[in-house]
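Whole structure, please, built from the sequences with the hints as guidance.
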Amino acid sequence: MTPESTAGTTASKGTIRVLQLYPREMNIYGDWGNALVLQQRLKWHGYTPELLEYNVGDEFPEGVDIILGGGGQDSGQLVIQDDLQSRAGLLKGMAEDGTPMLLICGLYQLFGRFFKTRSGPVIPGIGVLDIETHGTDERLIGNVKVTTPEFGEVLGYENHSGQTTLGPGVAPLGTVAKGTGNNSSDGQEGARYRNIVASYLHGSLLPKNPAIADFLIRTAVERKYGTFTPGEADDRYAVLAREHAARRPR
Amino acid sequence: MFSLSVPLGKFVRRVSRLRGGGSAFPGLVVEKIDPGFMQRALSTLPHGVAVVSGTNGKTTTTKMVVELLESQGLKVFTNRTGSNFTRGVAAALIGDVDWRGRLDADIAVLELDEAHAVHFVNRVPPRYSLLLNVLRDQLDRFGEIDKTAQLLQHIASKTTGAVVLNREDPRVARIAGTLQGPEVLYFGLDDSLLGTFPSDDELRAGPGSPVPSVPQRPEADVVLRRVGADDADFEYDGVTVTTGMKLRGVYNIFNAAAALALARSICGGGAATADHGTLLKALSEVAPAFGRGESLTVDGLPLDLVLVKNPSGFRLGLKSFPSGGYATMIAINDNYADGRDMSWLWDVDFDSLRADGVDQVSGSRAYDMALRLQYDEVQIGSVDTDIPAALADFIRTGKGKPKRVFCTYTAMLAIRRELSKITTVEVVS
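In order, the protein sequence lines correspond to chains A and B.
For the first sequence, position 12 (counting from the first letter as 1) is numbered 12 according to the UniProt record's numbering, and the numbering increases by one without interruption.
For the second sequence, position 123 (counting from the first letter as 1) is numbered 123 according to the UniProt record's numbering, and the numbering increases by one without interruption.
Hints may be right or wrong, so weigh each one.
Claimed, not checked - Derived DSSO-like pairs: lysine-lysine, alpha-carbon spacing no greater than 30 Å straight-line: (1) 224(A) x 13(A); (2) 43(A) x 92(A); (3) 399(B) x 43(A); (4) 421(B) x 178(A); (5) 147(B) x 116(A); (6) 399(B) x 421(B); (7) 116(A) x 178(A).
What the hints assert, rightly or not - Some residues of chain A that are not near chain B, with every Cβ distance over 12 Å (derived): (8) 89; (9) 184; (10) 218; (11) 219.
What the hints contain is simulated information worked out from the structure, not anything from laboratory work.
All residues carry an ideal CB built from backbone N, CA and C; glycine is no exception.
See below:
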């Protein structure tokens, strides 16, 4: 657990506790960017961010307002597997209760029902999301553009060989306009369930998709303080980075 | 067929040079018409073949090994063009063999890209291999970092003589346990320097996280003990020696320890046959390979080019080249050779640039970089995706200040091309 809180310059409207799940093992594709963006945007909106980490064997912190889960290597997934199972009930309760969560790649898969590896063994997930994932020989790699009903166009980068299929209990985050997404057959990317946004997209995801960052922040603040009054967010570079990223080849 | 392939290859090489074509094309032609050519040419060398591979520092390390061996009187063949694919090796060979396909050299020292090295060693088992590191670089090309480690393991397993491993990179050091045939040697770091080389797994081990404990490490043949402003201490054979260094940047100097370990192994190891006086003199005179901490002169002041390819490399670059007093430019391209994924920029801390800001941001992903700097609260002068325009603006507005450009591979090529119009830039053919 590592608190790295920084107070805003003016009176804070409140404190939001952001928990990174297993950053030691599940950090390999720049998912730190998601934590940094939430930390800074919370400040821009006038709130005090408190950034926490949860790693294997740690005590689970109290009063967590937002959960972040990243991608990792297959070897990293094996290391966290047992610990994650031991927290399944807790995380499921938080999800059902409406805690906003962002789950990327590896932890997206492990929050599902299971991951059936290519060589045969089945890694059980924690069943928060009604999804299943099957390991394949094919690696899906490249820039992705997704059309979503809630967040407009979502831009990112995918790199995975697990292919995920959604069950009836979850909705896709959106429809792929460029790239592959969840799997190579149905054109869907990511999953939405209660206040969980799950996706294969790195990039990192939140910097170029501030609409998702602000959704997580707004939801957390409303749950804790009733109402959310946004501050000034300077998204000049985000807008231009999105324009340029959208034009880049796969 | 054999009698014709070499002359034909040499002819294609000449024609493609006239056309200003790629350096690997003649290699492709020879490989097609005479697939055994490379193997035959390399199999006759008295000291065999040494392969240098790993994510970071291959070019500079290979250059060092070559110069160290030459200092010991060996005639060395190498793929100088940076064409580090099998076909590039064949192309370089075509230039150097005689008309009968014979190579007049004692040893070949070859820089090979991890993925291509696997194909190469299947055809030409090396006598020596030097494996530098496995870092998060172009993961979109290789998939996962563990996969890259497997590629290096394969190179080691095909090596017949000695394998030189980085003791401080767990994914590389671990390879030793899988080997039966070759002798294993290590190059290593003093404990006091370990902290300057975060492994990718430790990148986000922020304040408060426990410092990774130092496990029992094997004895290293060469250890880098200290890095000074223009010198360094190396320990081998139980003695610590100090030598001047033209190379800049801790990571370059760590690779000097790697080169030293390989050269010692090739020249008969220990103090037995290698002449350490001339070895160290050669080491102190090695200049960086192009773009790797290279210093050019613009308006009478230095302009340093620092190649950045992955989070560890960028972090080390920022640490090795402090920004105080310098005008700074960052150019990030996302062409295939650079890697298309921009995620890695989020694993680099740019806090060290906060005090002086960044004057110019450029490259096809200039706005991704600008966005990254914004979230680290680093002030930005201007942003322009067009590299020639941005560079001209950078030189104009930074007049009177020494300059530094952090750039990805293809951005560096573009910058060198522009700079060659106004200053002396070493031609790399």
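A quick look at each hint next to the structure:
no. : hint            : in the structure
1   : 224(A) x 13(A)  : holds, 11 Å
2   : 43(A) x 92(A)   : holds, 29 Å
3   : 399(B) x 43(A)  : violated, 37 Å
4   : 421(B) x 178(A) : violated, 39 Å
5   : 147(B) x 116(A) : holds, 20 Å
6   : 399(B) x 421(B) : holds, 17 Å
7   : 116(A) x 178(A) : holds, 26 Å
8   : 89              : holds, 27 Å
9   : 184             : holds, 16 Å
10  : 218             : holds, 19 Å
11  : 219             : holds, 21 Å
Hint violations for this structure: numbers 3 and 4, all remaining hints satisfied.
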